[in-house]
Amino acid sequence: MLESSAQAVSRAIGLGKHVNGPAGGLTILASLSLEIEAGEAVAILGASGSGKSTLLGLLAGLDDPTSGEVWLCGTRVSDLDEDGRAELRSGRVGFVFQNFQLLPTLTARENVLLPLELTGARDAARRADEALERVGLAARADHYPKQLSGGEQQRVAIARAYAPRPSVLFADEPTGNLDQATGEHIIDLLLDLREEAGAALVLVTHDAQLAERCDRRLVMNNGHLESLA
Amino acid sequence: MKAWRITLRLLRQDWRSGELYLLSAALVLTVAAITAVGFFTDRVEATMERQGSALIAADLVLESSHPLTQDFAQEARARGLDIAQLVEFRSVVVAARGPQLVQIKAVDPSYPLRGELRLSDGLEAPDRAALSGPAAGEAWAESRLLRLLAVDVGAELGVGDTQLRIGAILTKEPDQGRSFFNIAPRVLMNRTDLAATKLIGPASRATYRLLVAGPADAVSGFKAWVEPKLGVDVTLDDAADARPEFASAIERASRFLHLATLVTLLVAGAAIALASHRLVERQIDAVAVMRCLGAARHLLMQVFVLRLVVFGLLASLLGCLLGWAGQQGLALALSDWFAKDLPPPSLAPALVGMTTGMTALLGFAVPPLFQLAQVPPLRAIRRDLGAPRASAAVSLGAAAAALAVLVFWQANDAELAWKLLAAVLGTLVTLILTVLGLVRLAGGLAGRARGVWRLGLAALARRPSTAVLQITGLGIGILALLLLAVVRVDLLKSWQETLPEGAPNYFLINIQPQEVEPLKGFLRASDIPAPVLYPMIRGRLLRINAHSVEPSDYEDPRAERLASREFNLSYAEDAQPDNRIVAGRWWTDAAAAPQLSVEQGIAETLGIGLGDELTFWVSGHEVSAPVTSLREVQWDSFNVNFFVASSPALLKDEAATYITSFYLPPDREPLIAELTQRFPSVTSLDVDAILAQVRAIIDRGVLAVEYVFLFTLVAGLLVMYAGIQASLEQRRVEHGVLRTLGARRRALLGSLAVEFAGAGLLAGLLATIFAQATGYILAEQLFELEFSPNPALWAVGVLGSALLIGLAGTLATYPLLIQPPLKTLRDEG
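So the sequence lines, in the order shown, correspond to chains A and B. Throughout, the working numbering is defined as the position within the first sequence, counted from one, plus 186. Throughout, the working numbering is defined as the position within the second sequence, counted from one, plus 3.
Honestly, the hints are just simulated from the structure, not real lab data. No residue lacks a Cβ here, since even glycine has one placed at the ideal position from N, Cα and C. One or more hints might be untrue.
Residues on chain A that point at chain B, a partial pick, calculated with CB under 10 Å [as the list claims (entries may be wrong)]: (1) Gly247; (2) Ser253; (3) Gly254; (4) Trp257; (5) Arg271; (6) Gly277; (7) Gln287; (8) Thr291; (9) Thr305; (10) Ala347; (11) Asp358.
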């Protein structure tokens, strides 16, 4: 199962994360291994505090594991410094967060423009507009996040995540702050866009129904990952 | 390119969203204050120098007891400077009633080059400004001479071998102060008549002067050219060497102005620091997201620094414009003072303003921004992660270094800079330590408190950095406002009081010992309070310890002059009330052993220390005594003062004349004529003109300082606003949660009021203590003024702060309370 695959966009080998808290040491992840292939949609389920978000952060190169290694888009993350990791993510990795994380001082269009400008894309403006149109928010391109509903904000975040055409998209409880209908609409959008872009999707959620729509479902339990049939 | 594009976009957005308003206001204000004061002091100093010039009737004066070489005059002319030459000597003039000893000054028609010559056409006629010196064949004389000779305008005056017609009565000579101790009535005549008098020959005792005036750079160019060419018998004076009363007033005015600028700089610096901190706090999430999206740290740093530089330049430019407008307003307000041709403000203050603005901004804002670049990208999914706390020492060090550089640069006065920095750092450290202590206490109390109190106290304890920042910011704001009050009310008042109405405006000199009692009796009989008469003995300083005093030993021209001329020595049992002993002790009684007390300034100039044995040549023999005290003298008090005073034992048997100063109301002037007739050897000197000029400097200086303090006032209010804003963000969520849980608005409002009033009370108490201490240090050590603690300041400082901050803080937070809790919580999400 852990054999290297030419198509793997994200790979974890023997990943461990241990933190020291006020009540002593705590193992969040224990020698966990995982491989996600290009275009694959993987849902990671688990109870609150089970370590799902920690795993997501490690897979995206946002944090350092205590043990083991992480590969992202064919590069071993531990070989890179902070700036190298940022460069690795730039244009290749998209994010959708539970609390949207749009920059409040930028309009919807400018939020989508940001990762495109970071990659130095030439046709950034056109691609940003296209992405917004794709999520149905072309008319609200000049609105600030505060002027948008929660669902709309998350659609802007999805447009931002997909605009640079990433290889992998990490979504951390993307529907956690939304009602069920809106949440389903967001998942539709995420999966559709994933298909269009041919990107892998790593979806962290505690909603089993949403998870079922992914190609593969994994459950976090006591720091270990188990596959659901 | 990428960095530029992102920078400009973020900058535009920052501005639109209001993120930068507070920081801009602080920066614009700092630069405006520095620039306005820079532009203005340029012009004020020019004007003050001009007024100093009026006291020597020129910008530069070359003086010698021999005729000056014409090379000097030619060179000055070649440099486009105006010149006037004059010869001053003592002689006897003859009128119908008999001869009279006079002091004659033979001048060119261009005299005076600076200042005003005034004359009247008759003993009872009003005086008017003279456009030039006396015409050939004419003499102008003081009314005293006319009274002594019993003649009026139009009479003939025998001067040496020639006759001159008295053309007018001389009422004011700008440079009369130079000849302070000349005892004879003064006569002004044309220099072309001098040869005909045959009074001046190669061996005659006379003083030759070349007056030079013109544009500042030409004057300094000439000064640099002429200085190395001066022989031992030629001295060079400029406006700064004008009378010490005048120099002292100018120095104080300039110190006050610099102090005002520095206080503004410090307070606005605090506002910049608070605003930067807030800006950084609000950027943490954005940075985390940008790092997730692949922005490298160095790119973010580039973006931040570029953003800061572009913003800083724009704000500084605006500040410069505002500063320029501000100084125009100030110049307009003091237009009567600036009546004459003022140089237009140079661009230099604008550059100084821009540099100051950028240094302050970078010093205060860059360390927090570096900290921002360290925000972990993981923060985007884990909100509990904050920005790693940059080492507090680095942040504080950068801010302190920027501050120190600016203070020293702006103060242009190491003493002022040190004292101010020490006061500010002392205040800061005490404020921070006290607040930290109280935060600990709050943490301890939180467990025992209930409801909103527990929340408030716990929040305070959990966020010590915010609490420290807030209370320190408030403290600095209050300190600035209180210092304003101390300087405005107390220091400026005591400055004005150094020259109260009724300050002595007449000096009587050359009073013989046998005339002392009759003179006192005469003044008493004329309803003038009898002044103290001081004995005055002439003496030349021969030796300091075993070392002979030679003028050529000193490089400092002032020291050289002092070493070459006779001192006016005096003796007294008690020190004069306005003198202050700064080292050693004054003698205890009349029978004390022979000893000397020396004025501090002259002691420094000549290198005289406590315990040195000074030897003077007095009336044909040597007298020696050790220096047992150094004194500080209020030269601008217009009281009689001496550089060197001795215990009675040393000098009381030497031949002395007496000197005194007293106030004569303007309508009693004829008394002087009566006095000089009654006591012919006594010379009276009218110092009203100098007095009026010094008073004018003080009054206008006070006005200028008050104007500059307007900037400080705004900066103080700004820093308080920033202090209140500092905690606003964090309260938003707390209040949303508390209100959702059922806390009543009134209860929250009450706890807010108590919290802000408490912070105000604490900050106010600390600020008041420091304002009083700083005021004391400034008054006693820097401005040499009396300081009396002001009890009203305590009431205003402590209670006023509690009230003001309580009210302002509650009002600023009130909008959070009237928002529906859901909106508050959603905004945060």
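- request: Classify the hint on Asp358(A) as holds or violated, based on whether any CB of chain B lies nearer than 10 Å to its CB.
  value: Result: holds, 5 Å to nearest chain B Cβ.
query: Once the shortest beta carbon distance from Thr305(A) to chain B is found, is it less than 10 Å?
result: 7 Å, holds
- prompt: Does Gly247(A) meet its interface restraint, that is, does its C-beta lie within less than 10 Å of any C-beta in chain B?
  reply: Gly247(A) check passes; min Cβ-Cβ to chain B is 8 Å, inside 10 Å.
- request: Classify the hint on Gln287(A) as holds or violated, based on whether any CB of chain B lies nearer than 10 Å to its CB.
  value: Result: holds, 5 Å to nearest chain B Cβ.
query: Do the numbers back the hint for Gly277(A), that is, is its least Cβ distance to chain B under 10 Å?
result: Result: holds, 6 Å to nearest chain B Cβ.
- request: With chain B as the partner, please determine if Gly254(A) meets the hint condition of a C-beta pair closer than 10 Å.
  value: Hint on Gly254(A): violated, closest Cβ of chain B at ~17 Å, above 10 Å.
- request: Please verify that hint: Trp257(A), Cβ, nearest Cβ of chain B, below 10 Å or not.
  value: Interface hint status for Trp257(A): violated (17 Å vs cutoff 10 Å).
message: Tell me if the interface restraint on Arg271(A) is satisfied: Cβ within less than 10 Å of some Cβ in chain B.
response: Holds, about 8 Å.
field: Interface restraint verdict for Ser253(A) against chain B (beta-carbon cut-off 10 Å)
entry: 18 Å, violated
- request: Report holds or violated for the interface hint on Ala347(A), using the least CB-CB distance to chain B and a cut-off of 10 Å.
  value: Ala347(A) check passes; min Cβ-Cβ to chain B is 9 Å, inside 10 Å.
message: Next item in the hint list is Thr291(A). Is there a CB on chain B closer than 10 Å to its CB?
response: Holds, because the Cβ-Cβ distance from Thr291(A) to chain B comes to roughly 4 Å (cut-off 10 Å).
Against the hints set out earlier in the document, violations occur for numbers 2, 3 and 4.
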